[in-house]
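Peer 1: Sequence:
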Amino acid sequence: MRGRLIEIWRHPVKSMQGERVDATRLGPLGVPGDRGWAIRDEARGGIVGAKKIAALMQCRARYLDAPTGAEAVMPAPEIETPDGARFRADAADANERLGAAIGRKVTLHPRHPASDLAHYLRAAPDSTDMETELRAIFGREKDEPLPDLSVFPPEIFQYESPPGTYFDAFPVLFVTDASLRRLAELAPASRVDVRRFRPNFVLALDGAASGFPEAEWRGRTLRIGEARLSVGAGCPRCVMITHPFADLPKDPALMRTVVREANQNV
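Using the working numbering, the letters of the sequence shown correspond one by one to residues 1 to 266.
No lab work stands behind these hints: they were computed from the structure.
Please note that the accuracy of each hint is not assured.
[Claimed, not checked] Computed list of lysine-lysine pairs in DSSO-like fashion (alpha-carbon distance at most 30 Å, straight line):
1. K51 / K250
2. K142 / K250
3. K52 / K142
4. K250 / K52
5. K105 / K250
6. K105 / K52
7. K51 / K142
8. K51 / K105
[Said to hold, decoys possible] Derived DEER-like restraints, expressed as beta-carbon distance ranges:
9. D83 / A227: 35 to 41 Å
10. S115 / L146: 29 to 35 Å
11. P154 / S115: 26 to 32 Å
12. A189 / S115: 46 to 52 Å
13. P252 / M130: 18 to 24 Å
14. E96 / R181: 28 to 34 Å
15. M1 / E42: 44 to 50 Å
16. P188 / D247: 37 to 43 Å
17. P82 / T107: 15 to 21 Å
18. T107 / E144: 31 to 37 Å
19. V231 / T128: 33 to 39 Å
20. R97 / P244: 31 to 37 Å
21. A43 / G225: 39 to 45 Å
22. A123 / A23: 34 to 40 Å
Using N, Cα and C, we set each Cβ at its ideal position, and we do this for glycine too.
Full structure from sequences and hints, please.
Peer 2: Printed below as a string of structure tokens:
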């Protein structure tokens, strides 16, 4: 199957709105600067995203200095809060300003070395009942199946992300235009916007692709320009695709469609 790369995205701060770029190089950590920074919840403990603090998605981040991937420390992105205020992530008052905007005491961190395991340790869950905790994270109702967690790297059950990264599991995420079109057909009352799904690459497939074609690509190699990507797993969607941000409304019905029609993965 052939296609074209039509959009490239990077998200400088985990769970904040990202930015489109015209071109990129890929390395072991995917698009340089993608999820280069994250938030630590100083009340709860641990690195945290919009699965726990939905207000993070109301913030936007962009790099003023484009990262190359060779830096020891990621450049500091500019953060824009919902009231339009802007400040650099390394500003002296950045933590206080962001905390005031999202209603939590937090600190901003660039990626730490993989050896700093304490930084990446998972905090205690919100619920002592694991099923309750997982249903909240993945936005699943009681009669819906939970995702197959065996597709994830084993270290993320101990750490918030693979140490040395702020990715949920893998360094590159892509989606096809065919999948987005099919979701829009199946959920006509929803706004199926690519920003909800936070990919790095949006691919337009040639020919009459339909349904969710990338669901069949696991184990295959995807060629994009000079890069070769091994397709490891589908992406079980979490509650983040239902959160309101920018001009998009809260939409729990979209999750019902993803679970029912796309086997939970987009």
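Peer 1: Hint by hint, note whether the structure agrees.
Peer 2: Right, here's what the structure says about each hint:
1. The hinted pair formed by K51 and K250 meets the criterion: a straight-line CA distance of about 14 Å does not exceed 30 Å.
2. Using a Cα cut-off of 30 Å, the hinted pair K142 and K250 holds, with the two alpha carbons roughly 20 Å apart.
3. Straight-line distance between C-alpha atoms of K52 and K142 comes to about 19 Å, which keeps the hinted pair within the 30 Å bound.
4. In summary, the hint linking K250 to K52 is supported, as the alpha carbons are separated by about 15 Å, within the 30 Å threshold.
5. Between K105 and K250, the direct Cα distance comes to roughly 24 Å. Compliance with the 30 Å bound is thereby established for this hinted pair.
6. For a cut-off of 30 Å, the pair hint linking K105 to K52 stands: about 13 Å separates their Cα positions.
7. Our distance criterion of 30 Å between C-alpha atoms is met by K51 and K142, whose separation comes to about 18 Å.
8. Straight-line distance between C-alpha atoms of K51 and K105 comes to about 16 Å, which keeps the hinted pair within the 30 Å bound.
9. Our hint of 35 to 41 Å for D83 and A227 holds, since their Cβ atoms are close to 39 Å apart.
10. Checking the proposed 29 to 35 Å range against S115 and L146 shows it holds: the Cβ atoms sit about 32 Å from each other.
11. Between P154 and S115 the beta carbon distance is about 18 Å. The supplied range of 26 to 32 Å is therefore violated.
12. About 48 Å separates the C-beta atoms of A189 and S115, a value consistent with the hinted range of 46 to 52 Å.
13. Taken as a hint, the range 18 to 24 Å holds for the pair P252 and M130, whose Cβ atoms sit roughly 22 Å apart.
14. Between E96 and R181 the C-beta distance comes to about 43 Å, which lies outside the given range of 28 to 34 Å.
15. Here the CB-CB span from M1 to E42 is close to 47 Å, well matched to the stated 44 to 50 Å.
16. Take P188 and D247: their Cβ atoms lie about 18 Å apart, and the range 37 to 43 Å is violated.
17. Take P82 and T107: their Cβ atoms lie about 20 Å apart, and the range 15 to 21 Å holds.
18. In this structure, T107 and E144 meet the distance hint of 31 to 37 Å, their C-beta atoms being roughly 35 Å apart.
19. Taken as a hint, the range 33 to 39 Å holds for the pair V231 and T128, whose Cβ atoms sit roughly 36 Å apart.
20. Evaluation of the 31 to 37 Å hint for R97 and P244 yields a failure: the beta carbon distance comes to about 22 Å.
21. Remark: the range hint 39 to 45 Å for A43 to G225 is upheld by a beta-carbon distance near 43 Å.
22. A hinted range of 34 to 40 Å for the beta carbons of A123 and A23 is consistent with their spacing of about 37 Å.
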